[in-house]
Amino acid sequence: MAVSVRIPAPLRKLTGGLGDVTVDAGNVATLVDKLEAAYPGLKARLCDDSGQIRPFVNIYVNDEDIRFLKGPDTPVNDGDSVSIVPAIAGG
Amino acid sequence: MKAKIKGLKCRECGSDYKAEAVHVCEFCFGPLEVDYDYEAIGKRLSRKSIQAGPPSLWRYADLLPIDGEPTVGLNVGMTPLVHAKNLGRKLGLNHLYVKNDTVNHPTLSFKDRVVSVAISRAREFGYQTVACASTGNLANSVSAHAAEAGLGCYVFIPADLEAGKVLGNLIYNPTVLSVKGNYDDVNRLCSEIASEYPWAFVNINVRPYYAEGSKTLAFETAEQLGWRAPDHVVVPMASGSLYTKIKKGLAEFTRLGIIDNHPTRMHGAQATGCSPIAMAFEEGRNFVRPVKPDTIAKSLAIGNPADGFYALKTAAESDGRMGHVSDPEIVEGIKLLAECEGIFAETAGGVTIGTLKKLAAAGTFHKDDVVVAYITGNGLKTQEAVRDHVGKPVEISANLAGFEEKFKLEDKGRTLQERAAG
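Chains as they are written, first to last, in my numbering: chain A, 1 to 91; chain B, 1 to 422.
Bear in mind the hints are in silico, worked out from the structure with no lab data behind them. Values in this document were obtained by computation on a predicted structure and should not be read as measured data. Be careful, since some hints might not be right.
Claimed, not checked - In silico negatives: residues of chain A with every beta carbon more than 12 Å from chain B:
id, residue
1, 6
2, 8
3, 10
4, 26
5, 27
6, 34
7, 40
8, 48
9, 63
10, 72
11, 78
12, 80
13, 83
As the list claims (entries may be wrong) - Distance condition first, Cα-Cα at most 20 Å in a straight line; then the derived EDC-like pairs of lysine to aspartate or glutamate:
id, chain 1, residue 1, chain 2, residue 2
14, B, 18, B, 33
15, A, 13, B, 192
16, B, 248, B, 196
17, A, 13, B, 39
18, A, 43, B, 39
19, B, 313, B, 12
20, B, 248, B, 39
21, A, 13, B, 319
22, B, 180, A, 64
23, A, 43, B, 319
Ideal placement from N, C-alpha and C gives every residue a C-beta, glycine not left out.
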């Protein structure tokens, strides 16, 4: 499942400056693992030591916050777009 | 102006950053905060030095994160601290005060504080364009200050905003982007745009500086109370940033010896239809579950509050309470403040007053406690919320008979003296 992923500015040092990358994954959890395989170090930024997505990281599948979907188990399909966005913003 | 900013520091992991336009830690995504040189500031800051400053929030410039002199919003702040005797009598409080930012200059909300700081800082960085994600008041203030500063301006607002807040942007002629979605959608969109465009998003990449402007509400309160911290504050919460920064302002004044150490109980107020922080407090959680907002208090309608975690921490540390009120209670709160004190607040003010009332009824305050309620925006901007809940004008023809057709008052024919005599 080719899924396009938007990478926020604070993580682009790890993606060689790329703001948009494509990975194959079936859900958000495997997507994070695939990102790690392609861009080592990225998972440690997104997840804490126990593998949980950090509280200050928001992940969206097709514009919806995965906390309103199935969290890390949220499925992703061919052509879906995923955004990783720092939670600290606004207000 | 002497150096006062050492840099930025991650509030979570302590990583240090240069004082640039960055807002989150590269390592843990935690929020970056301004790291001040308090030792140097303490050597020159005193009550006297503050009083010698301008009658605006810039009298506290030593504790605001700009390197040089402010260049925009020079008249912001120093709004009245009103002793609310009538409302206090109703609630059983002898020392109830209303910090009245409905009359802040120039756009009638507390957002003028954060924006004057953010845009002064953005100009120091060299930005030519400013932007924001807003529930309304912030966009108004960014639009006005961008006009004053002659900067390009893009403001992003949810499509369902009140008419007064939309017009309150357009009059300054910025580019207004009306986004199909709620504030959280707008905020996410702006976070992504901020990664791509060389703009100063005041509440995204410039957020560490912007948020510091809210401390001035605490500084002014302490000074206006005669250099002391209140016993209680009641603060409306959207992202929770204002609430945490009022605490920070009081802590800084205490640390620097401007006021004596005095515990202030920090109480937070939300609308029931968007109460992720208050709900977490009620359920004893230390984390916030995002919600989809549904309330007339659109200025507080942030379902995914950035500072929710820190707001919960602040409440716990200060023995504060958090309350929430329904839409009818918000309207009632707006009317109560207007009828008692002659102050017309927007919906967020209704949330504050409604929550204040509930806290008073629950016995949170002693009758002689100094309680400060923060009224952060002006009711003329959210007329939709109260339009159907106020009386109507009495229509009469333009002659005495027309008047007396509707009113036959016993005062007729009496002099003022006779009336006073009964």
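Tested hints:
1. At the 12 Å boundary, the C-beta of residue 6(A) falls inside the reach of chain B, the nearest C-beta of that chain being 6 Å off.
2. Non-interface call for residue 8(A) relative to chain B: violated, since the shortest CB-CB distance, roughly 5 Å, does not exceed 12 Å.
3. Here residue 10(A) does not stay apart from chain B, with its beta-carbon only about 5 Å from theirs, under the 12 Å limit.
4. Under the 12 Å C-beta cut-off, the non-interface status given to residue 26(A) relative to chain B holds; the minimum distance is some 24 Å.
5. The non-interface label for residue 27(A) is consistent with chain B: the shortest C-beta to C-beta separation is roughly 20 Å, beyond 12 Å.
6. Every C-beta of chain B lies more than 12 Å from that of residue 34(A), the closest at about 20 Å, which supports listing it as non-interface.
7. Its beta-carbon lying about 15 Å from the closest one in chain B, residue 40(A) satisfies the requirement of being farther than 12 Å from that chain.
8. At the 12 Å boundary, the C-beta of residue 48(A) falls inside the reach of chain B, the nearest C-beta of that chain being 8 Å off.
9. With 12 Å as the threshold on Cβ separation, the claim that residue 63(A) sits away from chain B is violated: the shortest Cβ distance comes to roughly 7 Å.
10. For residue 72(A), the requirement that its beta carbon stay farther than 12 Å from each beta carbon of chain B is met, with the minimum near 16 Å.
11. At the 12 Å boundary, the C-beta of residue 78(A) stays outside the reach of chain B, the nearest C-beta of that chain being 22 Å off.
12. At the 12 Å boundary, the C-beta of residue 80(A) stays outside the reach of chain B, the nearest C-beta of that chain being 16 Å off.
13. Against chain B, the non-interface label of residue 83(A) is violated: not every CB pair exceeds 12 Å, the least being about 7 Å.
14. Taking the CA atoms of residue 18(B) and residue 33(B), the gap is near 11 Å; set against the 20 Å cutoff, the hint holds.
15. Between residue 13(A) and residue 192(B) the CA atoms are separated by roughly 16 Å; this keeps the pair inside 20 Å, and the hint holds.
16. Among the hinted pairs, residue 248(B) with residue 196(B) is inconsistent with the structure: their alpha-carbon atoms are about 32 Å apart, more than 20 Å.
17. Distance restraint check for residue 13(A) and residue 39(B): the Cα-Cα separation of roughly 35 Å exceeds the 20 Å cut-off, and the hinted pair is therefore not satisfied.
18. With a C-alpha separation of about 39 Å, the suggested pair residue 43(A) and residue 39(B) falls outside the 20 Å cut-off, and the hint is violated.
19. Our distance criterion of 20 Å between C-alpha atoms is met by residue 313(B) and residue 12(B), whose separation comes to about 13 Å.
20. This hinted pair checks out: residue 248(B) and residue 39(B) have alpha carbons roughly 17 Å apart, not beyond 20 Å.
21. A distance of roughly 42 Å separates the Cα atoms of residue 13(A) and residue 319(B); the hinted pair therefore is violated under the 20 Å criterion.
22. A hinted pair counts as satisfied when its Cα atoms are at most 20 Å apart, and residue 180(B) with residue 64(A) qualifies at roughly 14 Å.
23. Simply put, residue 43(A) and residue 319(B) have alpha-carbon atoms about 37 Å apart, too far for the 20 Å limit, and the pair is violated.
Hint compliance for this structure: hints 1, 2, 3, 8, 9, 13, 16, 17, 18, 21 and 23 are not met, and every other hint is.
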